[in-house]
Amino acid sequence: MGFCNMLLLSNILLTAWLSTAKGEEKTCSPPYILNGIYTPHRIIHRSDDEIRYECNYGFYPVTGSTVSKCTPTGWIPVPRCTLKPCEFPQFKYGRLYYEESLRPNFPVSIGNKYSYRCDNGFSPPSGYSWDYLRCTAQGWEPEVPCVRKCVFHYVENGDSAYWEKIYVQGQSLKVQCYNGYSLQNGQDIMTCTENGWSPPPKCIRIKTCSASDIHIDNGFLSESSYIYALNRETSYRCKQGYVTNTGEISGSITCLQNGWSPQPSCIKSCDMPVFENSITKNTRTWFKLNDKLDYECLVGFENEYKHTKGSITCTYYGWSDTPSCYDSTRTCGPPPPIDNGDITSLSLPEYEPLSSVDYQCQKYYLLKGNKTITCRNGKWSEPPTCLHACVIPENIMEAHNIILKWRHTEKIYAHSGEDIEFECKRGYQKARGSLPFRTKCINGTINYPTCV
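Letter by letter, the sequence shown follows residues -23 to -1, 1 to 429 in mature numbering (1 follows the signal peptide of the UniProt record, and there is no 0).
Among the hints, a few may not be true.
[Claimed, not checked] Distance condition first, Cα-Cα at most 25 Å in a straight line; then the derived DSS-like pairs of lysine-lysine:
| id | residue 1 | residue 2 |
| --- | --- | --- |
| 1 | 348 | 417 |
| 2 | 407 | 417 |
| 3 | 402 | 417 |
| 4 | 417 | 340 |
| 5 | 382 | 356 |
| 6 | 90 | 46 |
| 7 | 151 | 126 |
[Said to hold, decoys possible] Per label pair, the in silico range of CB-to-CB distance:
| id | residue 1 | residue 2 | range |
| --- | --- | --- | --- |
| 8 | 240 | 413 | 17 to 27 Å |
| 9 | 192 | 225 | 14 to 24 Å |
| 10 | 345 | 410 | 25 to 35 Å |
| 11 | 192 | 158 | 50 to 60 Å |
Hints listed in this document are in silico derivations from the structure and should not be mistaken for laboratory results. Fair warning: this is a prediction, and the values are worked out from it, not measured in the lab. Ideal Cβ positions, reconstructed from N, Cα and C, are used throughout, including at glycine.
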């Protein structure tokens, strides 16, 4: 029994020694931070765990650190938030009384107040010669300790007050200028600012602009007014085929102190053309004068110069050419015949794509249209026509009792479109309701006047 008791006592002593040597793990409960929050949230925090916390608006960490660690003695440093104190106040246009001797006392807690004064031309918002600066939870109050004092007695070229009146920064008053005058930029209200009155207390002659000062090449005003007041806006439009600098068909200008601004401008433009069997990579919707536009023909097509690519230019008269391409494989048969005319070359049974032939009319016939036609996409372009000449025989003039005023031949020919003038034979006069003596040959037809 003695041996067993000795063994039991030895086990107890060994367990106690091991527990003491090892020690039990220390933990921390979640902290309570008045006027603050923290992360992460746990039921139990183990030793060396860290939290980060932040204080509510108007409060700050007591230690300056926002990190706290769980230790055997608790949270170090203790996470606490307190009201933010006020640092030494630095403000424009004034200073604290005895500020050099007070400076070592800062920062100070909420509730402290200090007397201060402002520089000449400024005063506390209360209007007194001095006042108190108070430390609050939101900082120093008043927020702007010294505000400008503005004195008003009169305004140049305007009505005056009976006595001087003082206004403080932020206050405004309405000014009455003489007829034809106003404050700067057409205003009638002055405001006391940090830098004094704005606008300055001076009425200036009201600026006007004249429509005669507006010169718009290739454009015109949209309104009929002649005189425009300061800051008034008016519109203008560009002529067909012209646009403003921004690509619009109309724009606006404003009457300013220095005249119209901006200067109106209408520049030559070309719209995106219609593509025939061709495409372009350009995505613009309008083009300025001398702008170039590149295009490519579809597969199997060529332009009139037998190229698969081309370029056209925006000119004063529109595009320099059309971005058209034609089937490079389809031929044309003989050119179509026309009345009273023929082609100038020997007719062939077949013509290559983009081949051309010329037409001419018989004597006294007038060619109307393009004398040259071209083979495109297996078809000839529209051929011209030959207009009939007019024959003026003697017997018809005898029947109407008229003669040619300037010619003395029995039979003449006149081209279509040519003017002819008649007069009555001696002893005759123009019949009532007769056609005019001066008439025109129109495709072989003449309307004759009559004399009785």
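Evaluated hints:
no., hint, result
1, 348 with 417, "holds, 24 Å"
2, 407 with 417, "holds, 18 Å"
3, 402 with 417, "holds, 20 Å"
4, 417 with 340, "holds, 19 Å"
5, 382 with 356, "violated, 48 Å"
6, 90 with 46, "violated, 38 Å"
7, 151 with 126, "holds, 17 Å"
8, 240 with 413: 17 to 27 Å, "violated, 52 Å"
9, 192 with 225: 14 to 24 Å, "holds, 19 Å"
10, 345 with 410: 25 to 35 Å, "holds, 32 Å"
11, 192 with 158: 50 to 60 Å, "violated, 29 Å"
The earlier numbered hints that this structure contradicts are 5, 6, 8, 11.
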